[in-house]
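If you're matching them up, the sequences are chains A and B in order. Counting with our numbering, you get residues 7 to 117 for the letters of the first sequence. Counting with our numbering, you get residues 149 to 261 for the letters of the second sequence.
There's no promise every hint is true.
As the list claims (entries may be wrong) - Listed next, the in silico DSS-like pairs over lysine-lysine satisfying Cα-Cα at most 25 angstroms (straight line): (1) 226/B to 104/A; (2) 76/A to 104/A; (3) 76/A to 62/A; (4) 104/A to 32/A; (5) 104/A to 172/B; (6) 226/B to 172/B; (7) 104/A to 62/A; (8) 226/B to 216/B; (9) 104/A to 216/B.
As the list claims (entries may be wrong) - Not everything, but these chain B residues come out facing chain A in the computed CB check (under 8 angstroms): (10) 191; (11) 193; (12) 196; (13) 202; (14) 204; (15) 239.
Simulated from the structure, these hints should not be mistaken for laboratory data. Note that the structure is predicted; figures quoted are calculated from it, not measured. Yeah, the Cβ is synthetic: ideal placement off N, Cα and C, and Gly gets one too.
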Amino acid sequence: SQQGEEDPQALSIQEGENATMNCSYKTSINNLQWYRQNSGRGLVHLILIRSNEREKHSGRLRVTLDTSKKSSSLLITASRAADTASYFCATDEDGTYKYIFGTGTRLKVLA
Amino acid sequence: DAGVIQSPRHEVTEMGQEVTLRCKPISGHNSLFWYRQTMMRGLELLIYFNNNVPIDDSGMPEDRFSAKMPNASFSTLKIQPSEPRDSAVYFCASSLSGLETQYFGPGTRLLVL
Chain A
7 SQQGEEDPQA
17 LSIQEGENAT
27 MNCSYKTSIN
37 NLQWYRQNSG
47 RGLVHLILIR
57 SNEREKHSGR
67 LRVTLDTSKK
77 SSSLLITASR
87 AADTASYFCA
97 TDEDGTYKYI
107 FGTGTRLKVL
117 A
Chain B
149 DAGVIQSPRH
159 EVTEMGQEVT
169 LRCKPISGHN
179 SLFWYRQTMM
189 RGLELLIYFN
199 NNVPIDDSGM
209 PEDRFSAKMP
219 NASFSTLKIQ
229 PSEPRDSAVY
239 FCASSLSGLE
249 TQYFGPGTRL
259 LVL
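Please model the entire structure based on the sequences and the hints provided.
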């Protein structure tokens with residue numbers, strides 16, 4: 007699998023439900039970032055979690071990082087239709103500037 | 149802050165033509181990245197500049213692609229000659245340093261006929 011591979015590839019939920027997306031990576035990292043991309047737009051940074059952190063919160067977002075399993079999860083609570091977008095994780099390959107983006111999870115929140 | 153600015157937002161050209169994409173990073177950022185996004189390959193890093201110097205261009209697909217950063221506030225990505233397989237969305241991103249949050253521009257949607 008690729009560095010920063012997200013799972014699932016697509017997710018469809020009802021408004022108000024929680025959405026969980028997972029990311030796996032291969033190399034050692036300094037940090038892992040999650041980005042959102044609305045259709046036809048650029049990527050927007052959501053949250054950065056460093057390798058020595060296990061959990062981080064930002065509003066309705068909760069990110070966890072397990073460096074022993076080389077995996078991360080993004081939880082969006084109480085989802086809204088406006089959360090409909092693609093979500094990408096990005097990891098710095100071997101702790102360098104070279105961020106590798108995953109293939110993304112396409113989230114659809116139904117009103 | 150205006151964010152990262154890219155131009156043009158859309159470009160349609162014919163095979164063989166030269167294409168120049170432009171990027172203005174966020175003021176004060178010393179790292180600049182060019183990415184290409186396609187359905188088949190996802191988001192790929194093409195080249196990375198630090199303090200206006202190209203550090204890694206290993207992602208540049210072919211010699212037809214070149215990038216410059218003549219100063220801290222401007223970068224170009226040039227494709228000459230362009231081919232239909234170059235059709236993609238090209239993003240520029242900047243960050244305070246290479247290891248921090250990257251701020252993306254809106255992208256240039258390129259279609260080569």
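Now the hints, each set against the structure:
A threshold of 25 angstroms between alpha carbons decides the hint, and for residue 226/B with residue 104/A the separation of about 21 angstroms falls inside it, so the pair holds. Only pairs whose Cα atoms come within 25 angstroms are accepted, and residue 76/A paired with residue 104/A is accepted, the gap being roughly 17 angstroms. As the CA atoms of residue 76/A and residue 62/A are separated by approximately 16 angstroms, the hinted pair is consistent with the 25 angstroms bound. As the CA atoms of residue 104/A and residue 32/A are separated by approximately 14 angstroms, the hinted pair is consistent with the 25 angstroms bound.
This hinted pair checks out: residue 104/A and residue 172/B have alpha carbons roughly 20 angstroms apart, not beyond 25 angstroms. Proximity of residue 226/B to residue 172/B is assessed by CA-CA distance (about 15 angstroms); at most 25 angstroms being required, the pair is judged to hold. With a C-alpha separation of about 23 angstroms, the suggested pair residue 104/A and residue 62/A falls inside the 25 angstroms cut-off, and the hint holds. About 8 angstroms separates the Cα atoms of residue 226/B and residue 216/B, which keeps this hinted pair within 25 angstroms; it holds.
Pair hint residue 104/A plus residue 216/B holds up; C-alpha atoms about 18 angstroms apart against a cutoff of 25 angstroms. The interface hint given for residue 191/B holds, since its Cβ lies 4 angstroms from the closest Cβ of chain A, which is under the 8 angstroms cut-off. Against a cut-off of 8 angstroms between C-beta atoms, the interface hint on residue 193/B holds, since the closest Cβ of chain A lies about 6 angstroms away. Taking 8 angstroms as the C-beta contact cut-off toward chain A, the hint placing residue 196/B at the interface holds, the least distance being around 6 angstroms.
Checking residue 202/B against chain A: minimum C-beta separation of about 12 angstroms lies over 8 angstroms; hint violated. Given the 8 angstroms rule on beta carbons, the hint for residue 204/B holds: about 7 angstroms separates it from the nearest Cβ of chain A. For residue 239/B, the interface hint holds, the least distance from its beta-carbon to any beta-carbon of chain A being 6 angstroms, beneath 8 angstroms.
Checked against the numbered hints listed earlier, the structure breaks hint 13 alone; every other hint is satisfied.
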